[in-house]
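Q: Assemble the dimeric complex from its two separately framed chains, guided by the hints.
In order, the protein sequences belong to chains F and H. The first sequence begins at 25 in the working numbering and counts up one residue at a time. The second sequence begins at 20 in the working numbering and counts up one residue at a time.
Hints are computed from structural coordinates only; laboratory data are not their basis. Note that the structure is a prediction, hence the values are computed from the model and not measured. Note that beta-carbon positions come from the ideal geometry of N, C-alpha and C, so glycine has one too. Heads up, some of the hints might be wrong.
[To be verified] If you want the ones that stay clear, here's a sample from chain H, every Cβ over 12 Å from chain F, calculated:
(1) 165
(2) 173
(3) 210
[Stated by the list, open to error] Covered by chain F, per the in silico footprint, the following chain H stretches (three or more residues, Cβ under 8 Å):
(4) 177-190
(5) 200-208
Spelled out, the chains give:
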Amino acid sequence: MFSKILIANRGEIALRVLRACRTLGIGAVVAYSEADRDSLAAQLADEAICIGPADARRSYLSAPAVISAAVVTGCDAIHPGYGFLSEDAGFADVVRAHGLTFIGPPAEVLERFASKEATRRLLEAHGLRTIPGSGMLRDEEHALEEAARIGYPVLIKPSAGGGGKGMRLIRTPHELETSFKVSRSEAKAGFGDDSLYLEKYLEDNRHLEVQVAVDRFGHAIHMGERDCSVQRRHQKIIEETPSPALTDAARQELCARAVRAVVEAGYENLGTLEFLVDAKGDAYFIEINCRIQVEHPITEMCTGIDMVAMQIAIAAGEPLGITQADVVSEGHAIEFRILAEDPGKDFRPQSGQILGYLAPGGPGVRMDTHIYAGYEVPSYYDSLLGKLSVWAPDRSQAIARGDAALRELLVDGITTNIDLHRAILANEVFIDGKVTTNLLDRVGSAPFVAAGNR
Amino acid sequence: MPQDRQGGTAAAGRDAGAAAESPVAGLDARTKRDHKAISRLADDLLPALIAKLAASGLGEIEVRDGDWKARLRKPIGTGDRKAGGRSSVDGQPGHGISAGRSPSAALAHSAGEERDRLAREKAQAEETANLPIVATSPAVGVFQPRKDTAVGMHVRAGDRLGTVDVLGVREDVVAPVDGVIGLSLAEAGEAVEYGQELVRIELPENSRGLAANGADREAAAVLGEA
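Bound-form chain H, shown alone (with noise of 0.2 Å):
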């Protein structure tokens, strides 16, 4: 698709040489083909191009014919971002522009639906803060919380919560950020998964009414028998 674009774009810029190249041969040759040149933009050229600029992470085409030209340029701030965001999702940076492979990348690009985009992103930024910071498990097997730890007590990154035993060998399941030990999510002796949830931490400012909390209680039972 990018090779496609430039190679279009490229061709426009050629024609548009020659053009400048061939001799002048009087004004109403000159008129004649000025009207040549704006009919050729407006009605071969233009449409092309709007589909073009749409389905690409560019953010401004200009073409010339003649001595006319036609520039386009997208909604402020749509077409490089979309792209930039686009190549480092993808880790290929080659094919960052190459937003044309979906549709919906292609639709995304009228100011509406960009709206409708930066609002998304920017609830899920705020959902992304708001969820619980949680110690996953590092491996698929059998889940044994550390016993001298309870909800409550402070941890820092990196402090053993508990194990998983994977075919006898321990794997530490470790806090992911210096906080207070939540709620138990697997109990002693409970198979788990790669990547399950197994202990909450609480930032330390809303570790706060921790102990009136239920729910945390029996966590705590739990990691005291274990």
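Same shape as in the complex, but just chain F (with noise of 0.2 Å):
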């Protein structure tokens, strides 16, 4: 096991990987940036280092920065959380040249499957259904054709893209016509990599996804799945455990075929299958997320497991040490995405300081977040302040549960989407289960943000 381990990412998850360590006995430094030298994890932290100015490019991105932190405070890992350094094979490759080990997939692996469009053809061949889609897109002329032969509607998606960004959704070829050469320009803006694929956009889906683990030696265990149909903008809003979606039966089939494809791929460590489904209950393979997600906690409140423990171990080279048949998914967990945003102006990110924050308590009641009264929200990163999950023996009570914490959750002085959960959580197309990924956008937020307001 890892005797200290760096953590080099920012807001709630450096706050939940901090926990893991000291859960697990582990040394641990915060790294952090100019602008959250006051965040809740760099003030916890036993040992904490700045690392760069607010820019991310400069600081929670920049590969010498976090490997120059790791090695002047005597670490032996790291641990990069979610977004920025966490799927970046080149990193993992150089963090491993220093002596250090990354926690997360080693590099070859995320090498492997750090292509959307090679990992589909990867798993499509180890038996996962896949959306139809085009290879890589030569120019415009190729995209048109390779439009016609998948038919429209289609998603237009930048193969190094991820958590639905730069993703355009196009329903005739003039649209394609206008769009090719913008959504190539902001790939390659966005993630350095200008290259698009083509996929057949399914209406009325919903959002799943399969959590895996595995560990060196081909253990392998799935804990269940995750339904993420209530989206923004390809942005998930509300997750849920199970999902109300699939039968038992239905449930059983698509988790074990997603662990048998994974392992057979040569797959390691913690990893997010996500998927599909169509309003025939059809499941296909979108993309695999080779880190620890956002929403994991509905995941731990059902199973019990600590899944940042379970990661950190198996990247020290751990056996899993429990099988299939430990894994017990009990009750029903719902998360939401506490985000920093005005639903009533288009959801503009909002920032400033919290001038009161209270957390909500209570049987089933968890709250993941860096936030508190004084702190001061800064401008330079993403929205979310926290993550609120509730767990309960069935669903209709974590609805109940969720709703009660909701109520109770304070966070004053900056304007959040608390009141749109809310709402969302009232709303019929919800309590029946049915809600589809296009949902929010189709119908508009406007009636979701009207009655969070009553």
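A: Listed below in structure tokens is the structure:
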């Protein structure tokens, strides 16, 4: 096991990793940017080190800064959290070259799964159904040919993208013509790689993901699925487990197929396989996330597994120590992403000082956040203030607990989406478990915002 | 917030317009209307306006009702400067007037508090002026002062005072201003973080008597060893 881990991330996930380190009895150093000096993780850490200015490219995204910080503080491993350098094969490789361990899949595994397009082909060969799509697009003409073959509507996607960033829905050849160049330059600017591909767009789909863990010895488990269908512009807002869209038999089948495919494809460490499920219930694999997910707490609440601790142990070369039979998922859990966004003003990100903060409590309530009263939310990073997760023996009780906890949660001084969450919880489509990924974008958020203000 | 306020003021304006257009039915009606307008201004509008003015970055608000109008003005120089300052701090001109985002901003508008704020700013400015000037670390890594520098040496802004080794790549520690090398705040070979204070720079007029300073002699020894 490691003796000291550098936490190369910020916000709530830095704190989550710090907690895992403390539980495991491992030392931890929180690496922070100048803008995060006052963050809770930096304050609670036994050791913290400033790695650069607010600009993430010179701090959280700077491999030399992060690795140098690990070296000078005597760490033997680096936890990248999510986002930033967490799925960067080149970074993982350089970390290893400096005699340190990257907490995540080994560099060559990240490399193998780096391209979404190649990953789809790889896992298709290992038994996962994939959405009809194109190869890398050469040019506009090629894009038009491929779109005609696949059939509209299609999504134009950057190969190096993630989290729904840079995707565009195209319904006609004319739209494709006008969007192609823009998408290409956006991909270049956003991800440093302008490769694009097309994918058939499934109307009224649900977004499901299967959580897997594979150790170095090829032992593997799945920890069930999460339903992330409540999205706005491809960004997840609410996640729950288990999915109300799957029967137990369908769930078992999907999860077993997913874990078998990644083991055969040589995956290692924690991973999440994302699927789109169409109206008929067919699940299409879309991508794998080679890191801890934002929404991991709901899986932890149902299984009782500390997934960050598991991730660290796997990276340290330890065997899983449990088999599929040991993984028992009980009850129902829902996570609400608490964002510093103003739903009434087109979800504009908010920054400023948190004047008051009170976390909700009670049975089955968990709050993962780095904020506190007096904390200044910097404007440089994403708008995630924290994650409120609730657990209950069944879905309707989980909804009730969720609503009670959201009512109790107080974030004062900054506009958040708390009321939007309550409005979604009260919506019949959500209560019936029938939310599809396009719901908020199709009906617009306005009815929810209006309901939330009542 | 700003939109709400503007909306409120605009609505009051529309009311006034409507009242002016209505036919004047005679003196009694006019007196009645004046009384109504005055009591409306005093009872309904003024308290709301005072609250709005306090929460806004505006210096003055005026409303009309019938032939009557009320104008509220903040103590001199309060509103405009507040709004200007805030927008430059936020870097979002569009948000400049949304001073209502925090009660502290709204509260800062009584004359007393304004005086306190100015005093604080003055004190802060003086403190800043007296702060020592320091060359800071450009990166996280291992600090090495330049071997051929010593306390008391004159340097120009941009002169290299040492390096921070970042995984074998040296990044320069440079003097931020013209001056004289003063106390070294980190030792050779010490792990330093980004922005860490490394070498003090004394301004030339303050540099007299530097040699008499024991701490600086110690620093000179450290620099000499490196």
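Q: Hint by hint, say whether it matches the structure.
A: How the hints compare with the structure:
no. : hint    : result
1   : 165     : 20 Å, holds
2   : 173     : 29 Å, holds
3   : 210     : 4 Å, violated
4   : 177-190 : holds (count 3)
5   : 200-208 : violated (count 0)
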